[in-house]
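Given chain A, work out where chain B should sit, using these hints.
Protein sequence lines correspond, in order, to chains A and B. Take the first sequence: its letters are residues 1 to 167, numbered as in this note's numbering. Take the second sequence: its letters are residues 1 to 69, numbered as in this note's numbering.
Derived from the structure by calculation, the hints contain no laboratory data. Source: prediction; values computed, not measured. Warning: the hint list may mix true and false statements.
Calculated cross-link-like contacts (lysine-lysine; reagent style PhoX-like; alpha-carbon spacing at most 20 Å) [stated by the list, open to error]:
no., chain 1, residue 1, chain 2, residue 2
1, A, K84, A, K8
2, B, K28, A, K84
3, B, K28, B, K56
4, B, K67, A, K88
5, B, K53, B, K67
6, A, K6, A, K87
7, B, K67, B, K56
8, A, K88, B, K53
9, A, K87, B, K53
10, A, K87, B, K28
11, B, K28, A, K88
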Amino acid sequence: MKVLSKLKSFLADLTNRELNLWAEFLVNIVVALYYFPNAFRLIEENPISTLKFSIRLSGLVISTIVLTIIVSIILGIIVSVWKKPAKKDERDYAFSARGSMIAYMALFFFVSIVIGQIIFQSFFPETSTRLGLMASPLIIAHLLLLSLMFSSTIKCVVQLFFYRRSF
Amino acid sequence: MGKTSIRNNIRRLRFEANEMTQAELAEKVGVTRQTLNAIEAAKYSPTLELAFKIAKVFDVPLNEVFKYE
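Bound-form chain A, shown alone (with noise of 0.2 Å):
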């Protein structure tokens, strides 16, 4: 019961810009859950690109985009009929800086490991395979969109912390 009325009272506290902020979230952690692990498999049964492959993997990416849409519009309109839209001001601005500055220093992190990975990859192809280290094409550009995903989830987690940390 005590839990319950802290979460409502959290809930009520919140602002439109962190429901938003939440909307991301939630959007980004639902996007990696449902594409990630579906796009690994997919590669894994098919290391050979074929058609179908192609097809499937195609078909996915389309499935995200919708499932992207979709949520964000509900989520959207939920934030926006809950808490009006305000205008933003110069601590959203402030907040904002600060997220992208985390997340730029988080995305490099992440590209710089798989930069390593490729280049210790070729410098050392038989410790690679060994290791199972052994990237394709198709899977570095998997790793550098799961950076990317990090990387914008990274930016909502600072801006939400930073707005109740600032209260």
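Chain B alone, transformed into the frame defined by chain A:
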């Protein structure tokens, strides 16, 4: 972003200005009520421009609204 070293008298000044609400002051200076609440609680340091706007609303010098400790 915890408490800042900048203290302010906004609460007192609001009270003296016919008990102006946070929402009213926020609207006058062009920010959200949450931002004004964070400034008042010394959890967010405003830009110089916003600080001057707040002082102008109360018609007092800046150092009467904000002080650095």
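Here is how each hint holds up against the structure:
1. As the CA atoms of A/K84 and A/K8 are separated by approximately 18 Å, the hinted pair is consistent with the 20 Å bound.
2. Straight-line distance between C-alpha atoms of B/K28 and A/K84 comes to about 19 Å, which keeps the hinted pair within the 20 Å bound.
3. Distance restraint check for B/K28 and B/K56: the Cα-Cα separation of roughly 10 Å lies within the 20 Å cut-off, and the hinted pair is therefore satisfied.
4. With a C-alpha separation of about 26 Å, the suggested pairing of B/K67 with A/K88 is violated against the 20 Å cut-off.
5. Taken as a hint, the B/K53 and B/K67 pair is honoured in the structure, with Cα atoms around 16 Å apart against an allowance of 20 Å.
6. At most 20 Å may separate the alpha-carbon atoms for a hinted pair to count; A/K6 and A/K87 exceed this at roughly 28 Å.
7. The hinted pair formed by B/K67 and B/K56 meets the criterion: a straight-line CA distance of about 16 Å does not exceed 20 Å.
8. Under the criterion of a C-alpha separation no larger than 20 Å, the hint pairing A/K88 with B/K53 is consistent with the structure, at around 17 Å.
9. Between the alpha carbons of A/K87 and B/K53 the distance comes to roughly 17 Å, so the proposed pair stays at or under 20 Å and holds.
10. Note on A/K87 and B/K28: the hinted pairing holds, with a Cα-Cα distance of about 14 Å set against a maximum of 20 Å.
11. About 15 Å separates the Cα atoms of B/K28 and A/K88, which keeps this hinted pair within 20 Å; it holds.
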